[in-house]
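Grab the two chains, each in its own frame, and use the hints to assemble them into the complex.
These protein sequence lines map, in sequence, to chains A and B. Be aware that the first sequence starts at 1157, since it is given in the numbering used here, and climbs by one per residue. Be aware that the second sequence starts at 87, since it is given in the numbering used here, and climbs by one per residue.
Just so you know, these hints were derived from the structure itself, not from any lab. Possibly wrong hints are sitting among the right ones.
As the list claims (entries may be wrong) - Within a straight-line C-alpha distance of at most 25 Å, the following computed DSS-like cross-link-like pairs (lysine-lysine) qualify: (1) K389/B with K405/B; (2) K1235/A with K295/B; (3) K211/B with K285/B; (4) K285/B with K1240/A; (5) K1240/A with K295/B; (6) K465/B with K487/B; (7) K353/B with K405/B; (8) K405/B with K487/B; (9) K167/B with K184/B.
As the structure is a prediction and not an experimental result, all values here were calculated from the model.
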Amino acid sequence: MSTQDKVIAIIAEQAVLEPSDVTLDSTLEDLGIDSLGLVESIFAIEEEFDISIPFNANEPEQSDFDISNVAAIISGIDKLVSEKA
Amino acid sequence: MKRVVITGAGTINALGHSVPATLEAMREGRCGIGELDFRDVDRLAIRIGGQVRGFEAEGRFNRQQMSLYDRFTQFTLTAAKEAIEQSGLEFHGELSAKAGVVLGNSGGGMQTLDENYRSVYEDGKNRVHPFVVPKLMNNAAAGHVSMQFNLKGPSFTVSTACASSNHAMSQAFQMVRSGMSPVMITGGSESMLCFGGVKAWEGLRVMSKDACRPFSANRNGMVQGEGAGIFVFEEYEHAKARGAEILCEVIGFAMSSDAADIVMPSKQGAARAISGALQDARIDASEVGYINAHGTGTAANDKTECAAVADVFGPQADKLMISSTKSMHGHLIGGTGAVELLACIMALRDGVIAPTIGYEEADPECALDVVPNEARAAKVNVVLSNAFAFGGLNAVLALRKI
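Here chain B stands alone, though its shape is the one from the complex (with noise of 0.2 Å):
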């Protein structure tokens, strides 16, 4: 088997438009969470979200490009613009051929079916334009990052909810750990925020009206956020030989699936995968130092979660620091395992833990070392990063310094 290790990474997000941008915020211990800004914001109950500002497509994008890229497909190439031109690789001959692109989503184009929809059935139109369908498919932004990047060999788009980003990584990091590739480019992006998207959330009744409090007695539900973390997959041996620059080591995965209930999380479910992805590390629970959580602030996650930690991890539970960074960029549903596989890295490179902000309040049913409010400096070699999706579709990382 082959070693994977991650030689480029880009973001845009609430935080920030770029990596640096966004882990300075989570050093800070910043909130990117503010008022909604979109049409008819004023018909939704959830008027809070992690929305990014100050990004225009106009000057980004050409007019013909603009016609077929959806929000969500621009996050994510603006993202690997960033995670690509880190790593220096380009891509031809051979290893055009076999690289490719895994991504995470889940709400595919939203911006584009919300204002089709409109168009059709709110101002009664009966034309539409011809690439309504190009723009809004899951997998127009692999596909676009294919493109751009003249990346040839195995792409598709992963969709298992608010685990989307984590099972495309950990299905990009298989292939690269196989032999199958020697660079896989990988993530995941969102961009729900528009009033179709966050009125279906708001009619679970789970988001919260004020703040992404993870962990906290007082908390109340999600907020959701939007943006693409896109990260270089690349074999070890490959990246060594042409001197790249290493950020982190990817070693090991597992997923689960809770078989039990659409919405409600399983503990079991969740401890399953985490156990796993030790195992496939042949990792001891002892070397994990820091867990980048779920951690999505609503009332049954964050108990269920920290009790599947305590059930893997026993005693050593309480040695290690668990975070939940969606306190500051919101969840990004089909993104989310990526933005937040930068704290991971910001963990084991920088040894800076990105704090679960908002913190108010203990809570018993949480009595782990949540990072509260401010970041910590502290020394970690082995780092997990956890993913629990609606549906009981779970999918936990494991990263290794280098």
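Okay, chain A solo, but in the shape it has when bound (with noise of 0.2 Å):
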């Protein structure tokens, strides 16, 4: 499974979607997706890529990870796993 269909499976389990509903610019707000679902998914991605994302729910916009649709995420995650490799 390449890293964008990890994503959009994660994404789409917390969104309670299918895969398929879930595009590269879906927003999270697009799929419904809450602050509290956001922190989830954010979890489940660590565990998944075992990476640390640095996110603080106060200031979402200041995080050096970009979250505003899942593109941006999906490049955020490489960054990280390249990082740590």
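Following this line, the structure appears as structure tokens:
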């Protein structure tokens, strides 16, 4: 499974949607994921990729990790995974 | 209905090991938050907290007591001693039979849990100390206070996360006001600053890595604290008859539930608790001079709380002062309302309003007089103390100068 497929699977599960309903330009808000759902998604991504995502729910826009849409999340993960390697 | 007054106060927290030391720190706007110091702290992303320093159980408690007292119980007994000594009360006969202790607490003996889980899971031991259960149970502190001071009336522990102490004190207030008991010991305590305790909070991603800055536009989360605040709630005539020094009067309370979300606060729920306390105390909004805010320093709480205050007080909201002392002692979770009640007593008795320290940038969503960074001299006659917990469970107390 590619990073993209894994992330979409995690987000789809959180949003209670089919993976086919999640596109690269979907925002979490579009998908109906609230702040608690976001924190849970980030946790699931950290577990899946064995990375630590710098994210503070008090200032989501100031975190180094861009969550503006699914594509941004995937590229953020790719960056963290490559930094780890 | 009986009138209820406070005739004793005790505390231990990151700002001081007594009420005078704590109030002095609040007047000076001192910060008790610093680098956490305990085992495995290097495995945490959040490494700051309002830890109680220089408190050694050895010497204070004997060996048998130490084997039974988790740190939250140690804090509770230390604060209870100060409060009850100040009140001058001794409990025997009928007073002993009726007086009890209602305390707030959220995590119970978390230090004991942490140590013993480590021992059985990490170290692979198959035997634990025989007193693990009586040491970690949430009502251990209330039980030990009842034993130490001979309180034989109603005693129990209230657990509503961050509102535990306010719910407990509301309960004690009702018991004295209704005539059920002439004296109740009340307040709360918490000691979650251990690896497991902080790690759990870290998971929620609402903690700040650098400071607690309530109401400031650049706030970035809460900071945990630890300690206890204990008070003697006494029926007014009982206190007057024995010539006791009265610190202030407790005049009302209200509790409400958001019935909405397990962690996100609700403006309506908070507003109902605040306006309910005004109604219960039979006071007009214009009489309130100061509110000790819940003010956690999270994005969500502070703007919701300010909106609730603005809703209840209308134009009066601009005339009152509201500060969060969590900026100094951290968030004591189940013990927080108790330690914060000290700032209310200081406002009423000494005419000093404790500041919100760490305040750096105005936030249009928190556009109230938050007493930024420096304590202020002001005469106030009525104050409120807010607590809004996870679970959407709220409790607000009203107090008056006497």
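Status of the hints after comparison with the structure:
no.	hint	verdict
1	K389/B with K405/B	holds (18 Å)
2	K1235/A with K295/B	holds (23 Å)
3	K211/B with K285/B	holds (23 Å)
4	K285/B with K1240/A	holds (22 Å)
5	K1240/A with K295/B	holds (22 Å)
6	K465/B with K487/B	holds (10 Å)
7	K353/B with K405/B	holds (20 Å)
8	K405/B with K487/B	holds (19 Å)
9	K167/B with K184/B	holds (19 Å)
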